[in-house]
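J.: Residues 7 to 229 in the working numbering are what the sequence shown spells out, letter by letter.
Hints listed in this document are in silico derivations from the structure and should not be mistaken for laboratory results. From a predicted model like this one, the values you see are computed outputs, not experimental measurements. Backbone N, C-alpha and C fix where the C-beta goes; we use that ideal spot for every residue, glycine too. Incorrect hints may appear among the rest.
Cross-link-like lysine-lysine pairs, in silico, DSBU-like; alpha carbons within 35 Å at most [stated by the list, open to error]:
1) K193 / K157
2) K30 / K157
3) K66 / K157
4) K66 / K30
5) K66 / K193
6) K30 / K193
Just the calculated beta-carbon pair ranges, DEER-fashion [to be verified]:
7) P218 / G52: 42 to 48 Å
8) G52 / L189: 43 to 49 Å
9) R26 / D123: 27 to 33 Å
10) E135 / R18: 17 to 23 Å
11) Y188 / A12: 36 to 42 Å
12) S102 / P147: 27 to 33 Å
13) Q164 / A130: 16 to 22 Å
14) D16 / E148: 17 to 23 Å
15) R50 / A104: 23 to 29 Å
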Amino acid sequence: MSDSTAPQIDIRQLDSGYSRETRKLLFQAYRNDPNFAYVFNAQREGYEQRVMATVRELVKQHFLQDLPALGLFVDDRLAGVALIAPPQRRLGVTESWAWRLRMVISTGLSCTQRYLDYYNAVLACLPSEAVHVLPLVGLDPEYQRQPFGQKLSEQLLQALHDWCAVDEHSRGVVLDTGNPRYLEFYKQQGYQEIGEVVVGPIREHIFFHPSPRAVPPATQAAS
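Hey, can you work out the whole structure from these sequences and the hints?
T.: See the structure below:
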C-alpha cells in the first residue's frame, strides 16, 4: 500500500460526544460474542435488542461517571473502542441502582443477574486491586475483515497499554474473552492468562498485561 493510499490512523480519548458512535461499534463487536450469546439468551426472541440495550446502558453509565475511553480512528472514522475502568472505580457502573433498574427493564431480571454474576466472577480473578479493567473493547467487524485489521487491534491495545502505564500505581491491564479465536492473539500481544470463568457453556478466559512500570528492567530486557 503506497503512502498516498495508506489510511490515516490516530488514537483519541473519547467523551460522551462519541456515545452514539461508541454504542453502534460495540454492538457490532459483541452481537456474536459467545459469552453475550449465553448471558442474554440468543435462543430467545429479541436477543439483538437485549445486546443493544446492554451496550447502550454500559456506555451511557460509563460516560456519565466520567470514566475514560480510548478510540482508534481510521480516516477520521471510529474503528475501535476500549472502555477503561481504572483502579478503585471499576464497580461504579454495575453498582449503580439506576443502571441495574434500566438493565432489568431492558433485558429482564435473569439476563441482568447473569451479567452481574459474570462480571463479578471476572473481578474475583484480578491479580491486584491496582489494575485497569476493560469492561468492553472491540474493533468494528468491517475493519476486522480488512488485511490490516489485526494491525489496527494491535495499535489500539498498544495505545491502551501506554495510556494506562502513565498511572504510576497501575500494575497493568485486565481483559476477558470467551472467543477461542482471540486467545492466541492476546498472548502474542504480551497478555498472560491468569484464570477462567465458567459462564454457562462458555469458558471466559481472563488475561493480564503487566504495566512496563511493574516489570523489573532485567526482566524487560530478557523478554
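J.: For the pair supplied as a hint, K66 and K30, confirm whether the alpha-carbon distance does not exceed 35 Å.
T.: 12 Å, holds
J.: Would you say the C-beta atoms of G52 and L189 sit inside 43 to 49 Å of each other?
T.: 30 Å, violated
J.: Is 16 to 22 Å respected by the C-beta to C-beta distance linking Q164 and A130?
T.: Violated - the Cβ-Cβ distance for Q164 and A130, about 28 Å, lies outside 16 to 22 Å.
J.: Within a Cα-Cα threshold of 35 Å, do K193 and K157 meet the stated pairing?
T.: The hint holds at about 15 Å.
J.: Does K193 sit within 35 Å of K30, going by the straight-line distance between their CA atoms?
T.: Satisfied, since the Cα-Cα distance of roughly 28 Å is no more than 35 Å.
J.: Checking one constraint from the list: CA of K66 to CA of K157, max 35 Å. Satisfied?
T.: 29 Å, holds
J.: Taking 27 to 33 Å as the stated bounds, is the beta-carbon spacing between R26 and D123 within them?
T.: 29 Å, holds
J.: Does K30 pair with K157 here, judged by a C-alpha cut-off of 35 Å?
T.: Judged against 35 Å, a Cα distance of about 22 Å means the pair holds.
J.: Evaluate the given range 17 to 23 Å for the C-beta pair formed by E135 and R18.
T.: Since E135 and R18 have Cβ atoms about 29 Å apart, the given range 17 to 23 Å is violated.
J.: Does the Cβ pair P218, G52 satisfy 42 to 48 Å?
T.: The hinted range 42 to 48 Å holds for P218 and G52, with Cβ atoms some 44 Å apart.
J.: Tell me if the beta carbons of R50 and A104 are separated by a distance inside 23 to 29 Å.
T.: Check passed, 26 Å falls within 23 to 29 Å.
J.: Quickly compare the C-alpha distance for K66 and K193 to 35 Å and report which way the hint goes.
T.: 31 Å, holds
Of the numbered hints listed earlier, those contradicted by the structure are 8, 10, 11, 13.
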